[in-house]
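Protein chains in written order, with our numbering: chain A, 654 to 793; chain B, 2 to 488.
Calculated from the structure, these hints are not laboratory results. Computed from a prediction, not measured in an experiment: that's the story for all the values here. Hints should not be assumed to be uniformly reliable.
Calculated cross-link-like contacts (lysine-lysine; reagent style DSSO-like; alpha-carbon spacing at most 30 Å) [to be verified]:
id, chain 1, residue 1, chain 2, residue 2
1, A, K748, B, K181
2, B, K466, B, K181
3, B, K168, B, K231
4, B, K168, A, K682
5, B, K168, B, K36
6, B, K181, A, K757
7, B, K150, A, K748
8, B, K231, A, K748
9, B, K181, B, K36
Now the stretches of chain B that chain A is said to cover, found in silico as 3 or more residues with beta-carbon under 8 Å [stated by the list, open to error]:
id, stretch
10, 51-64
11, 419-426
Only some residues are given here: those of chain A computed to face chain B with a beta carbon under 8 Å [claimed, not checked]:
id, residue
12, S673
13, L680
14, P696
15, F700
16, C724
17, S740
18, L774
Just so you know, even glycine gets a beta-carbon here, dropped at the ideal spot from N, CA and C.
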Amino acid sequence: MRITQGCFSFLPDLTDGQISRQVQYCLDKGWAVNIEFTDDPHPRNTFWDMWGLPMFDLPDAAGVMMELAECRRVYADRYIRLSAFDSGHGWESVKISFLVNRPKEEPGFRLHREEAAGRALRYTTTAYAADRPEGRRYEG
Amino acid sequence: MNEQIVTTVRGKDRYKAGVMEYKRMGYWEPDYTPKDTDVIALFRVTPQDGVDPIEASAAVAGESSTATWTVVWTDRLTAAEKYRAKCYRVDPVPNGPGQYFAYIAYDLDLFEAGSIANLSASIIGNVFGFKPLKALRLEDMRFPVAYVKTFQGPATGIVVERERLDKFGRPLLGATVKPKLGLSGRNYGRVVYEALKGGLDFTKDDENINSQPFMHWRERFLYCMEAVNKAQAASGEIKGSYLNVTAATMEEMYERAEFAKELGSVIVMIDLVIGYTAIQSMAKWARRNDMILHLHRAGHSTYTRQKSHGVSFRVIAKWMRLAGVDHIHAGTVVGKLEGDPFTTRGYYDVCREDFNPTNLEHGIFFDQPWASLNKLMPVASGGIHAGQMHQLIDLLGEDVVLQFGGGTIGHPMGIAAGATANRVALEAMILARNEGRNILEEGPEILAQAANHCTPLKAAIDVWKDVSFNYQSTDTPDFSPAVSVSM
């Protein structure tokens, strides 16, 4: 399966040129760009690990692309996403977020159903990969 | 016309038994400067033939505040001058013979804190049936910060909704399940599953899906949540389905909303026809229960559409932001339902901005500060399809839910393919926009390129390429430099 989190997951994986143009769009808006990675892609896993701090006050996408290359080198087998943060009053949150790296194999999620009273079901979603210890989840 | 000499009767003569013109009773005060704490209403007044517009406007002020048809001595037991609404300006409507814009200021003490029911009972109460008027329309209102702050506002708001859903940087995508009546719970859930798995973020119950013989509400909720969870696991994304909890009584609505919560739904839905008090109750419930609250504006066109009489939708949008819903249908411009582009733009600003500056061309007559009240997500729904993606994003921006009902379910390759077509079109257009391309001009080319790697999108464009709804709008701004036609 292909996880479709983020802004551009229904398009073919973005090229570095395309990523760089999106980053430049964010920087031109004055947003701080953040690189995050995880090997637990559960849709409610909010806090991915941060690759350093969000890059504030950066004028050029090249800086982000350098960091991304380094992050990809270390965590090639994990999900990596870029997110841009707007500190403006009334928003103060993420403005855009998209995947820039995926593991080679994406085994997807198990949907666990627990029968409850009446005909209700309690649902739990678990990434198959999450059965393995953190850091070894997408090894071949 | 504001220079008309009217002598307001003051002192004890003002309270002599009998009938007196409203404009002489203190409801016409051309020298009055509205206070920062006043509520202001702008009415479009159409007096009966031969009725003086100033007198008609003063009557509106009177009948929507303290007056009755005759002088009453009991006014003298009150601080009557404070409680009288004051019409302070009357302008002829440009290109609207026989119609006048009346500006009326109301003291804050006339209203109960945090109550749309009380506010609307005054402002659109008896006065709309007043005989000396042919017609009356409430065009706009200005709420002072002091009053805004007495309302909860949207239970969740755009920012927190996006954080909860983990979806940023693009419009959200939805579809209303069709046919809107007749599907069994099991069949209904099938449509929800296909649409969500195919790439939509939300599906939606229609306004008149409640609990009918063909599908009782519990069946719908159970099957919808199976579909939502299955699609969530198939995509790794948060999904939702607006479960309509509209019912005959408040108790039944709470019961349905509680069941939706128990089943893990992120969102419930209500119809505008449940009434302002029920809406505010559900907004409080939604805030207490971490639930997004979708409002379908069922019924609004009965009083918002015609320009001569009723209430403008911009006022309804303001009331609903105060009342505390998270989503509101606010028009598409390009779709099948009424929606002038400038007027619609005004509604969207009312929903999403923290401050609305006066903008007559968009129908916004007053500066309106929202005092950090949450933002309300507008929903564009009704006769839109993937081939219009560039126009929709250009007109409506990215903080909007785009709902393609027929445009998803009517896709020749099936519902999931329809959903995928919409999602691919959306993502391709946002990508292009962010790259600095002129999407309005290059839109069709961008879609065609995206369709090269997405057969469903190609099929959608082929089927619907010639569909558009070009009709003259009825509700257009009075200050538009040109006659506007919806695109």
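Do the hints match the structure? See the list:
1. K748(A) <-> K181(B): Given pair K748(A), K181(B) is violated - Cα atoms ~34 Å apart, limit 30 Å.
2. K466(B) <-> K181(B): Answer holds: K466(B) to K181(B) is near 25 Å, not above 30 Å.
3. K168(B) <-> K231(B): 19 Å, holds
4. K168(B) <-> K682(A): Given pair K168(B), K682(A) holds - Cα atoms ~19 Å apart, limit 30 Å.
5. K168(B) <-> K36(B): It is violated: about 42 Å lies between the C-alpha atoms, which goes past 30 Å.
6. K181(B) <-> K757(A): Answer violated: K181(B) to K757(A) is near 42 Å, above 30 Å.
7. K150(B) <-> K748(A): 27 Å, holds
8. K231(B) <-> K748(A): 28 Å, holds
9. K181(B) <-> K36(B): Given that 30 Å is the threshold and the Cα spacing comes to 48 Å, the pair is violated.
10. 51-64: n = 0 at 8 Å, threshold three: violated.
11. 419-426: Coverage by chain A holds for the stretch 419-426 of chain B (3 residues, Cβ < 8 Å).
12. S673: 10 Å, violated
13. L680: Interface hint status for L680(A): violated (12 Å vs cutoff 8 Å).
14. P696: 5 Å, holds
15. F700: 11 Å, violated
16. C724: 20 Å, violated
17. S740: Status violated, d = 12 Å.
18. L774: 7 Å, holds
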